[in-house]
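Take the two lone chains and join them into the complex the hints point to.
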Amino acid sequence: MIATALTDLWYGFGVALEPHNLMWCFVGVLVGNMVGVLPGMGPLATISILLPLTFGIPPVGAILMLAGVMYGAQYGGAICSILLNLPCHPPHAVTCLDGFPMTRQGRGGVALGLTVFASFVGASWGITEMIFLSPLLVRAALQFGPAEVCSLMLLGLLAGSTLARGSPIKGVAMTVLGLFLGSVGTDLETGSERFTFGMTELDDGIELIALALGLFGIAEFMSSVNQVAPINTRYTNVGLKDMRPTKADFKQAFFPMWRGTIIGSLCALIPGTGPTIASFVAYATEKKISKHPEKFGTGVIEGVVCPEAATHSSVQGDFIPTMSLGIPGDAVMALLLGALMIQGIVPGPQLISQHPDIFWGLVASFWIGNMLLVLLNVPLIGIWVKMLAIPYRFLYPSAMFFVCIGVYAANNDFFQVGEVAVIGLLGYVLLRLGFHPAPILLGFVLGPRFEENFRRAMLISRGDIGVFVERPISALFIALCVILIGTQIYVRLRGAKPPIKPALYPPAGARPGDLELPTAAE
Amino acid sequence: MPPVTHSFRELTRKRDFYAGGLMVLLGLGVALKGWSSYRLGTLMHMGPGFLPTALGVILTLLGIAIAGFATSAPVAADEDAERILPQPPQWWGWFCILAGPALFVICGRYFGLVPATFACVFVAALGDRTATLKSSLVLAAIVTVFGVALFSYLLQIPLPVLTWRIGQ
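If you read the sequences in order, they're chains A and B.
Using this note's numbering, the first residue of the first sequence is number 4, and each one after it goes up by one.
Using this note's numbering, the first residue of the second sequence is number 898, and each one after it goes up by one.
If you are wondering where the hints come from, they were derived from the structure by calculation, not from laboratory data.
This structure is a prediction, so every number in the text was calculated from the model and none was measured.
There may be inaccurate statements among the hints.
[What the hints assert, rightly or not] If you want the footprint, here are the derived chain A segments under chain B, 3+ residues with CB under 8 angstroms:
hint	segment
1	135-146
2	177-191
3	220-229
4	385-399
5	406-417
[What the hints assert, rightly or not] Among chain B residues calculated to face chain A with C-beta under 7 angstroms, some are:
hint	residue
6	R912
7	M920
8	V921
9	F992
10	A1021
Beta carbons are placed, not taken as given, at the ideal position from N, Cα and C, and that holds for glycine.
Isolated chain B, as found in the complex (with noise of 0.2 angstroms):
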């Protein structure tokens, strides 16, 4: 074994540092959460918080083991393997993606099927750095239609085709 030489610093820059220390933060919240608002009960009656609190307290052992080893590990000489963030960040290209669903929640409770369809797959499309504004809204309007023709006449989907919802 080297000897430890590591600092700290060096350490916040492994990646597995930072995957050990979400896993520890995620069981420790559901250990809590688990033991203080459910019963825990006995091993033969167990109440509803006994298992969740049991597994939040492996999740914290086991994140504790993942950074544990990224202490005695070398910091990976491909500098890709370290890098949490790809890059370059697609900022641009997460967002767009994560609003196609928001997009979707809102017109189409709203507006109806047509609106939220077109609008999902329009913002999803300009997530890309090569889409132009007219190839993503070609791109939209054609997925509209399939997925209308599909979804709501063929497998009747009970969401109105088009509607208007503001204010009722």
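Extracted from the complex, chain A is given alone in its bound form (with noise of 0.2 angstroms):
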């Protein structure tokens, strides 16, 4: 099986070194860097928006592309957590904790130096475990029948919905609302059209992009519209040789990182649980563990390099059911399985073996790639630096710009610019209501193949709704699920409390939620 894994391995790294592979992954991983260094712009807004430009690119490259962005956006946010204490992606709340005091004692540049390499560390035991689970998680799900799929996508929207940032029924309202926007359009069993109002632009369905880029991009700019505290660029003047951590630092972030890529890792692995609360549980892991806990919050390594770990080997994770089952687990998985789709291809067990160039390409453009960004990061810190200074009113603007011709780039349509503008709307309206728009995503992307699924299964068994329990495996989802369903009200009834009383200085462009503790880390 080792064998076999490092022949498939072997054949990715030679469809990721191809030139025109290797480009877009580096000009993936460039742009995601320069993009998600901006305050306020996360990974999700930061794929949603350069998602468009993937278009003209055959999948494999279309793919590399976009998975680059990700981990750029991602590392390109911890800059921008540590120098200026600006969260713009929530498993990023904890490493402001101790990054922005490091900043604040002149040690900005250690913190950055070590979570390079802590962020590389994790990922690279992130990328082994997909390449050992994943085949072995495929094996399994191509013996699954309709009624299998149907539970386990139920058991991974609810996962997602409940474990998530906030009100875990809210979560569950949005994932029901994305899935019943994901049913717009024409029906594929019937073909009859649903939900259009007559409107023929919307017969093959809302478009993706305009739906990612309406509740992360025009949704976010009218929640952060002259709402953003001017940035402090006191702490900014980091240089390469500031980034040089020196022994003592090293030797004192070693453990930290490799407990933080096992934390992260394991929870990859439980469905739903993705970067925030991997990077949660870090945090108060090695906080319980130090021999001076008092001191986290003041600036310690391990506060920094532990959650960031866990949060790449976390990400790097949960690529593992997004692949080999279709599943994602988060909305920015979510955005990359859609991305495929639009490229044409279909997600699901079969994946591997009818795209293998894809995979194991992936897969080993993920190493490249955070070499790369080692590479990127440290000789050209001082430009990522710089770019913190760019002021929100520039920004936001621009941005507006490639929302709108990305969102027209997708079919060449006026129409769908309109959309985006509808459905941004709609997502600051949710989000002023105390919703995080992000599963709806989830439902969005999985709705239609969750129909799929369920009418098949329906017919299989004539009709029969208890063949969701009667078949073992789909059995152990819905347990699952009840179990998930059951704990959510448990902790409601009992009360909830943070274990971590975090934020000795309040990150100062937190919104309200940021640092809320996902109920499940407890």
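The following block contains the structure:
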């Protein structure tokens, strides 16, 4: 088994090192890092804005580029949170706790340098996990019938929506809304048009890009306009020589880094627990086993390295269900899966055998991309740091242009530009009412396949809904769903208290909810 | 459990009351439309209306639950947590941001990519409190130059750079 995995990996390196693929990977990492570093641009906004650029690229290049954008943006976000105390992406909320105090002590460069290293270690471990676990999972998943696929999707959707930020019941409501939005357009089985209200442009359904850019682009701009605190660039004067950690720093960071990596990879195995929970758990664990827990929050290296390693290892691990089962764990993965579907590739367990170039090329490109990330960030840190100073009032109008042209370019149709504005407005209303729109995307991407499998399962069982609990594997997934909901209700009745009392320096740009602890981390 | 002392008026001060209400409205709308306009079919042979109607019903129930939890919870001590609009509301900023795509559509359809880009960025930029006419014009000009170079010449978007389509 190890031998086949290594041969496949070798093949993957062959794919990823082809000059044009290497170029797309490089472009993705570079642009992702560049956009991700801009304050207020998290990975979701970055990927959605750059998604239209990949339409002209062949599928392998496109997915390599988008994956590059994702981890580039993630690393860029770490720079933003350590130097500016601005967590643009929820997993970085804990990185701020010790990262920013380090910056205030003039050790921001060291924090960044060690973050690069910790990310690399975390990601490498996650990739290794992916290489060995994905084929195993695929072998199991190929035995699944429609009923099993259906209950597995249900589990994925429930986990993705209840374990994310904020109130679980609101998360489920957003998933249901997403499932509904996914059903708009022509019904594949009967050919009748649903909820198009006579608009022929909606026959093909709501455009994924319009949905993503509306929710994570326009709605975000609406909630940030004139609300962003002026950026304090006092501490952002970091150069290459500041980044080199001393031997003592390194020694101090070594074990926390590995602990973070392990925690992250374990979190990735539980469906729905993405990088946010991984980073919170990692920080809490590190604080608990530390000899000097009282120093956490004042700028200790462990508090930066451990959650960052956990984030990256869990993000890589999240690719396992996404690529091998076709079931994304969070909105970022849903977006990447949607990008594959736009390219005409059907996600699911057959993906690895039908498109080995995509899967193994992607795996190999993770390593190449993470190497590129190290190479880019160490010498170019000065440029990234300068980009932090770009004020929001220049940023969002320029991003608006990218939103409009990107949505237009998806189909060369102005109708979708109108669509994005409407979705953006709806997204902002939902944000203000305390909903997090990310699960909408999850439901939207899985919706059509869920419906298809549900119909098939019902057809095979002759309309007997009991099939979901009669088949053993499906019953297991349903049982997990019940446990998940039961735990949520139990936690709610008992009254939850977050175990970390963070924020010696409350993040300046953090909106309420950014530091909310996911209830499942308790 | 404390005795239920909440009047309806107190309930309307809660954000979750409106959050749940919106979900109920959306859910009822979807369920009614799905039930009335599309064939439901049977469980074995589902029609196009089956899933949307079911989702609408679930969404309605979730909405009732969200609003229901709001009745049992005390009004948050933190005023901001119950506030639906931020203080102060940014009507001008929101208007400018939503006007951006609208202008992009209108200008793009009738005049081409350059006017569309310029109008979209210019108006969106005006939404910031500190923006001036001059700064917005400069930003719009810069984005237009780079945007047209990238999308029209490099990525070959089939949208004319400049055109005049009124009356056609």
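Hints versus structure:
1. Coverage of the segment 135-146 of chain A by chain B is violated. Counting CB-CB distances below 8 angstroms, 0 residues qualify, and the rule asks for three or more.
2. Counting residues of the segment 177-191 of chain A whose beta carbon lies closer than 8 angstroms to any beta carbon of chain B gives 6, which meets the minimum of three for the stated coverage.
3. Residue count for the segment 220-229 of chain A with a Cβ under 8 angstroms from a Cβ of chain B: 6. That meets the three needed, and the coverage hint holds.
4. Counting residues of the segment 385-399 of chain A whose C-beta lies closer than 8 angstroms to any C-beta of chain B gives 4; at least three are required, and the coverage claim holds.
5. For the segment 406-417 of chain A, the stated coverage by chain B holds: 7 residues have a C-beta nearer than 8 angstroms to a C-beta of that chain, and at least 3 were required.
6. A cut of 7 angstroms between beta carbons decides the hint on B:R912: the least distance to chain A is about 6 angstroms, and the hint holds.
7. Among the interface hints, the one on B:M920 holds; its C-beta lies about 5 angstroms from the nearest C-beta in chain A, closer than the 7 angstroms criterion.
8. Checking B:V921 against chain A by beta carbon gives a least distance of about 10 angstroms; that is not within 7 angstroms, so the hint is violated.
9. Interface restraint check: B:F992 against chain A, minimum CB-CB distance 10 angstroms, threshold 7 angstroms, status violated.
10. Proximity of B:A1021 to chain A holds as hinted, the smallest CB-CB distance being about 4 angstroms (cut-off 7 angstroms).
Of the numbered hints listed earlier, those contradicted by the structure are 1, 8 and 9.
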